[in-house]
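Start from the sequences and build out the full structure, keeping to the hints where you can.
Protein sequences, first through last, are from chains A and B. The numbering of the first sequence is my numbering, which starts it at 1 and goes up by one. The numbering of the second sequence is my numbering, which starts it at 1 and goes up by one.
Treat the hints as calculated values from the structure; they're not laboratory data. Among these hints, one or two may not hold up.
[What the hints assert, rightly or not] Listed below are several chain B residues computed to face chain A (Cβ distance under 8 Å; list not exhaustive): (1) 6; (2) 11; (3) 50; (4) 65; (5) 78; (6) 80; (7) 81; (8) 82.
[Said to hold, decoys possible] Here are the simulated DSSO-like cross-link-like pairs (lysine-lysine), alpha carbons at most 27 Å apart as the crow flies: (9) 45/A to 146/B; (10) 142/B to 45/A; (11) 190/B to 111/B; (12) 45/A to 75/B; (13) 45/A to 152/B.
Built from N, CA and C at the ideal position, the CB exists for glycine as well.
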Amino acid sequence: MPGKLKAKIVAGRHLPVMDRASDLTDAFVEVKFGNTTFKTDVFPKSLNPQWNSEWFKFEVDDEDLQDEPLQITVLDHDTYSANDAIGKVYIDIDPLLSCEAATVISGWLPIYDTIHGIRGEINVLVKVDLFNDLNRFRQSSCGVKFFCTTSIPRCYRVALVHGFVEELVVNEDPEYQWIDRIRTPRASNEARQRLISLMSGELQRKIGLKVLEMGGNAVVGYLQCFDLEGESGLVVRAIGTACTLDKLSPGTAPNTTTHTNTHTLPNTAPTSNACNSPSKDSKEPVFSEDPPHSLSGPPTPLRTLPSSSPPPFSPSKPCSRQSSSSDTDLSLTPRIERFVSSPGVFLCPSSPTLSFDSPSLPSSGLILCSIGSALRAYTPPPLPSVQSEGSVLRKTVSFSEELMLAASGMGSGGSVGKEAGPLKTLLRQHTQSALEQREFPIFTLTCFPPGFLVHVGGVVSTRSVKLLDRIHNPDEPETRDAWWEEIRQEIKSHAKALGCHAVVGYSESTSICEEVCILSASGTAAMLNPRFMREGCLDTGGSDHRLSRQPHPGMVGSERGEGEVSSTWLGFEDASPPSCGFVHIPYDEFNMPFPAQLTYCYHCRRQKVPDVLFTTIDLPAEAEVTGKGCLIQARLCRTKKKAQGEVNATSISNLLPFMEYELHTQLMNKLKLRSMNALFGLRIQISVGENMLLGLASATGVYLSALPAPGGIQIAGKTPSDLSYDQHISTMQKRIDDTIAKNKELYNIHPPKLFTLDPEAFTGLNTECIEEVVGSPIPDRQRSSRLFRSTSESSDELSELDLSHGKKDAFVLEIDDTDAVEDIQSLLTDAPIPAGFYSCNTEVMPGIHNWTSGLQMFTSVRVYRLSNANLTNQGLNKIFTDLCENLLKSLYFKLRSMIPCCLCHLNFTVAVPEEELIQVAVTAVAMSFDKETQQAADKALTRGSGENEEQLQFSMEMCGESTISNNQPTAKPSGVPESAMVHSSRVSSSERCSPLPEGRSRSLRSTRSLPCGAPVTVVKMTPLSFLPGTRIVKYLGIINMFFIRETTSLREEGGVSGFLHSFIAEVFAMVRAHVAALGGNALVSYSMKECVFMENPNKNQAQCLINVSGDAVIFIRESDQEAIPPLLTSRQTSSTGADGTT
Amino acid sequence: MSVELDVFVVNTTIMDEEVYQLWLDGYTVNDAVKVRMEGGVLEGCEASAEVLHSDTMDQYRTFQMCERLLHSPVKLANQLLFQIPPHRQVMLIERYYAFDSVFVREVLGKKLSKGTKKDLDDVSAKTGVTLKSCRRQFDNFKRVFKVVEELKGPLVENIRQHFLLSDKLARDYAAIVFFANNRFETGKKKLHYLTFQDFAFCAGQLISNWTVGALDNMVEDMDVDLEKEFLQDLKELKILITDRDLLDQHKSLVCTALRGKTKAFNEMEANFKNLSRGLVNIAAKLTNTKEVRDFFIDLVEKFIEPCRSDKWTAGDMRLYLTHYTNSAHVLDTFKHQVVWDRYMGVIKSCILKMYHD
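Rendered as structure tokens:
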């Protein structure tokens, strides 16, 4: 019995008229938690009732506190008939359970009804008294902090990264229960909302337990998703990264302004110190001292590793082809009855390689096998081999300490992998094992502390097609668990094939259509610095990793003693300087997992780098980028025959690899067209509908200075005999060259001449080419085999190339049919971004540093109806591309008042809600920046790139500039929507207790009395993890809300657009209100994870489900650091002060 | 391919002032798109008419959703649905309650009833203001009227606080409410030359001098109704025209003061009795509600028109009225100085305002 929940109902306002006769309402409130319900008195005849209730107290288990929401129902009292419900408020208690988050929930919250939307507001006070439970076997996990943010939260320092946590709960969907036939839509919607709220609470609690078990105290990068499987049930699943976080004391709090400056760094925690001192949060057991824990690291030998081992291991042999391939095939073995097939695809740079898993179902085997054999299919090894491999790895744990020291001595030379002796191999295996002893060396983080990421291999992704079956026993969601486990295993093995021991920037998603479900997972294979995995420490909080382009002096000093590490920071002596280390290949040069051109790094000239790099993570702060980045999208639509059951699943899984391949080709072409060489934040979504599949890949392209300059695109004709055809090709070629040149100018890509050979010069001169076939539908098997042969040929060619001189090859597009011509057309018809705009889907735009405080978060949803049922793939592609382009154009137009601005974190979600319908939803934030200082920064950047000294100077300049821009954040004249609000937000927090405007008291009738009006707190929302020009001083807890809205009067509400528009506006309003009630003034890492829209215009009905999440925070403006954040105590008085006034 | 659904929702509500005005003016989405295109918004943006249409639709929807809140502007400040910066809120309200002077001139003094609302299509046709906009303006008048009807305190102040309007606009609304409440006739042909601002000025004068609130500012309806007692007292002024001696005395006093100061002296002297009878009769009749409605038409017919036909200048008018008012104080048998001043003060400023072409 370790918790007491207290709630007080203060007042209501703007209530709807429930009694037509008097135009008034007799409202009262029911407060329910678990099975206990309290009621307030009826406040008769008022639309602005003042209940001022006593404190309702619930004595409950902390387990319930975590699972259950507090449910507040506002009703209209009716003497003769049943009381009418006005609406409900669900309050998630979770933020009150952690001592570091919010302490009270207090404020006006919208009263929500699933049929009528928001119907007035209610003022409540909620508190929790929690008693500490020391029971080892407790089922609750109060106190574990959750963050949606996929980087280390701004006012924390990470002491340890424990690793992957996942959980999944299933239930029957109330919408599909028999009772739904007899209950009202409202009751059904409410049952669903409540169930999902309960399930997410339970899920969070279970994840929390796992975190405690691992010895952590927080989950970062928490990603929770719903699968509405229809008949077969409702799945709520979540993944995250368990960490041990230390709160930074306010004095040393890091500067969160990011990208602009590097000045405020805490001096308190040099790396070495923190390394040895256990975290202050003493209730969390130190990882290795937790004996009962199964995943605990090996005791002594490993603990010495962090300080002595060189973080960047140069690529070497151990990850041999054999072992990785055997691992890759892990998933081949069928494990589940209804398992259909899971084609896994590596998305690696250069030409993509498809690795097919041969299907397990005999029925579909015939088709797939034939394709599979045309590819480089692996022979499936027996399952036991995997286990044995596991045991081998586990043995490595027992290496002696001496060996470790010796090994670290060896590693200091920064030699290239092949020279490394066996000892190094062992060492490498050892660090690998530290990760691999965990079941899944997977991290949901996309942004890392400096030094965390050693090398990045490339994108790994897996998709699996499943047939849904009713979940028979909700308490044992084994099937779904097994599905995901299988997928994660596969991801892990793909990463191994790339010579990496971990996967970062990991995410999972599903697409469901009827009974078919595509499970997808993707991430970036990477080598991580093992220091962070154990009690080592990193000072992430301190040096804001986004910004710090150079090490903090103190840090360098403290690390110098440790040899290797300091040189990493200093950049030049070491093999892998921070600005380029992560792009060095982690895999073996002579046993490459996929064909790629390797060159020596353009930055350090010591190690090999690939020609192109694809990743799902954010651009590391230490990465050196030339020019700016831009959003790159590949779009694809494929028709498919309508089918049922396994036939359907098989046809989908047959299509998937081709779609991946084509998306990849498109991405590559567009990347080259923009003269860039790396993709960050890659997200490929494949959505399934009844008669089509949609594929959308979004990423942010950049030019990494350490990678070779991309070659141009050359078009080759298949039939050179025809003269006019030649002419056509040459005009096309010219257009492409022009576009490339234009793009270079646009994105300011002028690589330093020091290392780079002008790619232009090479386009014509090339002799050796990698053959690439432009993505086009593959009509028959003959063609497809040709396609793949060509890629494998290219890989043969590759090995013969001399790659050491940084020679650049042109990228050849081969035109052999009209399809390809159209593809090139579409390549070129991507509308250019209007002047003054930039866009990216990562957290920040590389090359833009001086943000102003003007920002605007938006969501746009469009549904298109395909009128023509018999569209070809080509036609569909065109439509889909136009649709995305038009949507972007529309966004640019609407946000034109913010120019110069960048659309950050552009997140597209596509769905096929019905046959012939395509739904596209976009959420992003538009942030304006300062043009003048930007140009100065650009100059500084071009000057500084390549040379360390100048780099230093650059970042110092940046500091200066940032202060300038920070001092006058609102000085921008152009009507930036929110810049004016910034001011008011500050005012409002100080004026909360201000008395009513005097005139009110004059009103005669009580009904006329206007609701008391403390100004509404301005709440900013952003999908990013920070707000430019501000410092986040406190995380108040996670916001995770699920809403259903339904209407039976669609036309009256302005049709589908009117309905959805008001619903989204209501969702925003509710999110803001809850953030404000927690005492916050912003929601960061906001995302709309689900937006399911269904309509039936004939019946005048529509329904929509929305799930949103984010982290509620308190921020203060950078310019007034001394300002007092909105105090929770004053908030309370303000709300009580408001009581008496009306 | 057709767009089935298209929405764009922002955290901080963006409102394009130009589109807002078009919406207020009752343009349909298509017409608004046309106007915007001609206005050249697309210049510099690589956007098509389609984009413009989608944007206009979005904004129109937002305005429609906001409209409910604009009906009680105080709610706009503490509602949670839209996060609108305060200065934008002010703009939204001010523009929403703004009205066309051509339109208001048509309905001024009419009963704000359903019947009048039904006739709005005629008004729309006559004024060229769209019916939609007419309805909005009419509903605004009616809403303000209903709210302030039952409130204590000064009219202008009440309007300003309940509708968060600027002082200027609040005064205009006070005039509209005042006219609607007293049903002053403003539609007669002879009154056509008067603008809304003329009437608003007069209303302001009447409100601050002739209503209950002019004496005690804490009474219900204080600014809306004329003070009954005062109207009764006005009957006493009749002595100025019924008593022959008094009339002659008054005339000679005025003429003495005016002689040589104006070219229109002869006409003034000749018409004095007529004009004086006119003004005093207006005063005496005001106890009758029916006559109150004709207050302005009477002023024009009985006073302004004769003077205009005699070609008085505005200066003549001022001179005449000043002396006419002041001379009454000198009459020893005339005991109603206070009422006379209260009456003539308003009449003088009203006539001066109304005396133009």
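Status of the hints after comparison with the structure:
About 5 Å separates the beta-carbon of residue 6/B from the nearest beta-carbon of chain A, less than 8 Å, and the hint is met. Hint status for residue 11/B: holds, given a least beta-carbon distance of 4 Å to chain A, under 8 Å. With a least beta-carbon distance of about 7 Å to chain A, the hint placing residue 50/B at the interface is held under the 8 Å criterion. Taking 8 Å as the C-beta contact cut-off toward chain A, the hint placing residue 65/B at the interface holds, the least distance being around 6 Å.
A least Cβ separation of about 4 Å between residue 78/B and chain A falls short of the 8 Å threshold, and the interface hint therefore holds. Hint status for residue 80/B: holds, given a least beta-carbon distance of 5 Å to chain A, under 8 Å. With 8 Å as the threshold, the beta carbon of residue 81/B comes within range of chain A, its nearest partner Cβ sitting at about 5 Å, so the hint holds. The restraint placing residue 82/B at the interface with chain A holds, with a minimum CB-CB distance near 7 Å, inside the 8 Å limit.
Restraint check: the Cα-Cα separation between residue 45/A and residue 146/B comes to about 20 Å, which is no more than 27 Å; the hinted pair holds. For a cut-off of 27 Å, the pair hint linking residue 142/B to residue 45/A stands: about 25 Å separates their Cα positions. As the CA atoms of residue 190/B and residue 111/B are separated by approximately 20 Å, the hinted pair is consistent with the 27 Å bound. For the hint linking residue 45/A to residue 75/B, the alpha-carbon distance of about 19 Å falls within 27 Å, and the restraint holds.
Only pairs whose Cα atoms come within 27 Å are accepted, and residue 45/A paired with residue 152/B is accepted, the gap being roughly 22 Å.
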